[in-house]
Structure formats: C-alpha cells, structure tokens
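Can you make the complete structure from the sequences, with help from the hints?
Numbering (my numbering), first residue to last: -19 to 374.
Please note that a few of the clues may not be correct.
[Stated by the list, open to error] Taking lysine to any residue pairs in the SDA-like style, the calculated list, with each CA pair at most 20 Å apart, reads: (1) Lys(-7) x Asp42; (2) Lys213 x Thr226; (3) Lys72 x Leu89; (4) Lys322 x Val135; (5) Lys307 x Ala167; (6) Lys75 x Lys(-7); (7) Lys(-7) x Leu44.
To be clear, the hints were calculated from the coordinates, so they are not data collected in a lab. Predicted model only: the values in this text are computed from it and were never measured.
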Amino acid sequence: MLSVYRDHGIVPKESRDDNFNKTPLDLSRYQEVRAGDLVINKMKAWQGSLGISDYHGIVSPDYLVCALSSAVHGRYLHHLLRSSMMIAEYGKRSKGIRPSQWRLYWEDLAEISIDLPPVEEQRRIADFLDAETARIDQLVALRREQLDLFAERYVAFLSEAVTPGIGDPSAVRSPSYPWLPGTLRTARLGHFIKIQSGITVDGSRDIAADSVRRPYLRVANVQDGQIDLAEVKEIEVSPSMARRATLIKGDVVITEANGNPDNLGRGAVWRGEIKGMVHQNHIFALRADRRRLMPEFLALTLASLHGRAYFRATSSQVGIATTSSSKIAAMPFPLMALPRQKQIIATCEQMRTAAEGVTQTLRRQVELLEERRRAVVTAAVTGELDVTTARRVS
-19 MLSVYRDHGI VPKESRDDNF NKTPLDLSRY QEVRAGDLVI NKMKAWQGSL
31 GISDYHGIVS PDYLVCALSS AVHGRYLHHL LRSSMMIAEY GKRSKGIRPS
81 QWRLYWEDLA EISIDLPPVE EQRRIADFLD AETARIDQLV ALRREQLDLF
131 AERYVAFLSE AVTPGIGDPS AVRSPSYPWL PGTLRTARLG HFIKIQSGIT
181 VDGSRDIAAD SVRRPYLRVA NVQDGQIDLA EVKEIEVSPS MARRATLIKG
231 DVVITEANGN PDNLGRGAVW RGEIKGMVHQ NHIFALRADR RRLMPEFLAL
281 TLASLHGRAY FRATSSQVGI ATTSSSKIAA MPFPLMALPR QKQIIATCEQ
331 MRTAAEGVTQ TLRRQVELLE ERRRAVVTAA VTGELDVTTA RRVS
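So this is what it looks like as structure tokens:
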C-alpha cells in the first residue's frame, strides 16, 4: 500500500507513523503502481501531493496513475511537477466549491504545457536536484528533530510536575494504570469538574422567531491543545440552547475525536476571547470547581504523559480515536493542593516561555530552508540556474 505526501512524495504507507487512514478490506478497486509511474492525489494536487514512485504497489482508486513517455526522465519530471509554479497551476485548474473539495481531473491536468529539455539535460538537472534537495532535507530533518526534542523535554518536565514519579523507572506502578506510580494519590476527575455538551448542527431544525445568532467553536478551531480563532463561524439557535452551550472564561475545551491517538484529550483553556461563544457537540467544555482545581492545571495534566496514556488506553478506535464524557469523568486525577497547582502552573509557563525563543528560531530556520529548496527546484527546472556551474548549498 502506497501513500502520497506533499513533503515526501510516494512512500509505503507502513513507513509513516502519521497516517491514520484505515486500509479497507476490499482492495479490488485499488490501482497498481509500478516504479517510475507518476501518482497524483486529485484532491490535494493543489498542495503538491504527487510524484514519481520509486515503489511497486497499489494506491487509492481516487488517485491518478500515469506511465511516462520515453522522452521524459522520471526524476526530472518529479522535481518539475512538484515545483512551486506547477503547484500554482494545479490550483488554478482544480475544480470544487471550496479548497477542501477541490479536485484536479485528468482532462485539466493534460492541458498543462511544459517545456522539456533533451533527456540528457533532464538527467543532469535531476542529478543536481536530487543531491541538493537531499542536502536541504537533511538540515530540515535535523531542525525538526531538535524541535521534537524540546517538545519531549517539556512534556517530560510537566508530567513529572503534575504526576510526581511518573518518569521513575524504579517506582512501583499502579495496578489499574501501569504508567502511574502506585504512591500517587488520585480521584476521579468528575469530582472536580462539570462537563458541558455542545450544540448539534442540524440544517433541518426550524429557526424560531426568538433565535439568536452566536459565534460557534468548531472542532476545526481546537487542534492539538490549541485554539485557533482565525476563522469563526456563526450559528442560529434558540436562547435556551445558547445558554446551555455558552463557554465561560476558564473552561477547558477538548475534542471528542482525533486522528492522532496521542493528541486525543489535549485541552486548551478558553480565555473568553469572543463574547457569547457556543461550542459544537463534538467538543466538551470542562468547567473546573475553582475551589479545588485550576483550569490551567487541568490543561497541563491532560497534556501530560498520564493524560496521553489514559486517553490512548480508553479510546474507541473505529477509524479515528474517540472519547466520551463518561471516560473523561473517570480519569484518575492527581490530588494537589491549590497553592501547589499554582506553583506548577507558574513553573511550567516559565519553562515554556524560555523555550519559545529557541523553538521560534528553529521554526524560522525550517521555513527558510524550505523556501530555499523551492527556489532551487524552480530555478533549475526553468533554466534560470545553470546546474553545471551552480554551487552546492552549505
């Protein structure tokens, strides 16, 4: 089974740990791909999800699979078709109401004209770009490893803070939750919070005369422990329904499902950025009893190794990992006095702030390297760069 990636081209599905799509039992409609074939994800061509395959395998029937002419060097075409100028062309020719529904059909792809130098020149350009892009990709991978290391260290630090002893390999473990130290005092999370359900979107619902229009927090706004308010939609609901699903400052919002099981249960604190915000039914709002639990401490614990292990162990995984209000309420939660919670919140925030400068620098370096990669590919395939005299990227 092969997958098509924007950043990696065509790779075996099992070689990636970030592909959570389930392979169907019936593969009769799947298409054969031979090494050297061009494979295009019609739904994501405008993002660059295409390439020449180095592997023999099968792909989704929704993809385009094309054999190459002898007038084309495969690796040259791989770089050309994944260049910025070509990806922009796919975007112009893709059809659909909105980007998430865009598709590039064969008849539209076939109309695109490309200039092909002689095959020997294609080979020289491809050899140069293979070497240069590999060099840049190595640097990008190194920076991303450093970013992952910073993130892992932060999670390990906050995990030890909220669940002391979780990182001690010699600690006696809890019989019920083997990742927790047996000496850790816990109680059901449901003792400290109320769980608020959200609004179900129903286009057939009659709009009452006294309905109100409210901003509406969707699953798309809550991802991996962060709230993204770049695009906020509105919904018309009855006043009583709005009251039942309105967020208040300090609520911790989590999604019911996540394609990545390790991110299931990650919570973000709602800061009241938009007045009157209601939330979707696929989002739970956890309202802490402030006399015993700080919202920020709750969010930290959900993001800890304990939170991740608990939701991974209790999730239902039919397609994607899901949780429920009953499982959230049953989570064993560390007993911690409020003053200690406040200390941990402050310490974790200091560490996160200190690391932010370094991580921003690393992310910027990744962006610059990726920009450099795109520029080198475009310059080489358009003839702006003479590959016989070009200097290597350092």
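Evaluation of the provided hints:
1. As the CA atoms of Lys(-7) and Asp42 are separated by approximately 16 Å, the hinted pair is consistent with the 20 Å bound.
2. Taken as a hint, the Lys213 and Thr226 pair is honoured in the structure, with Cα atoms around 15 Å apart against an allowance of 20 Å.
3. Taken as a hint, the Lys72 and Leu89 pair is honoured in the structure, with Cα atoms around 11 Å apart against an allowance of 20 Å.
4. With a C-alpha separation of about 18 Å, the suggested pair Lys322 and Val135 falls inside the 20 Å cut-off, and the hint holds.
5. Restraint check for Lys307 and Ala167: the C-alpha separation of about 13 Å stays at or below 20 Å, so the hint holds.
6. Proposed proximity of Lys75 and Lys(-7) is contradicted: the alpha carbons are some 27 Å apart, above 20 Å.
7. Proximity of Lys(-7) to Leu44 is assessed by CA-CA distance (about 17 Å); at most 20 Å being required, the pair is judged to hold.
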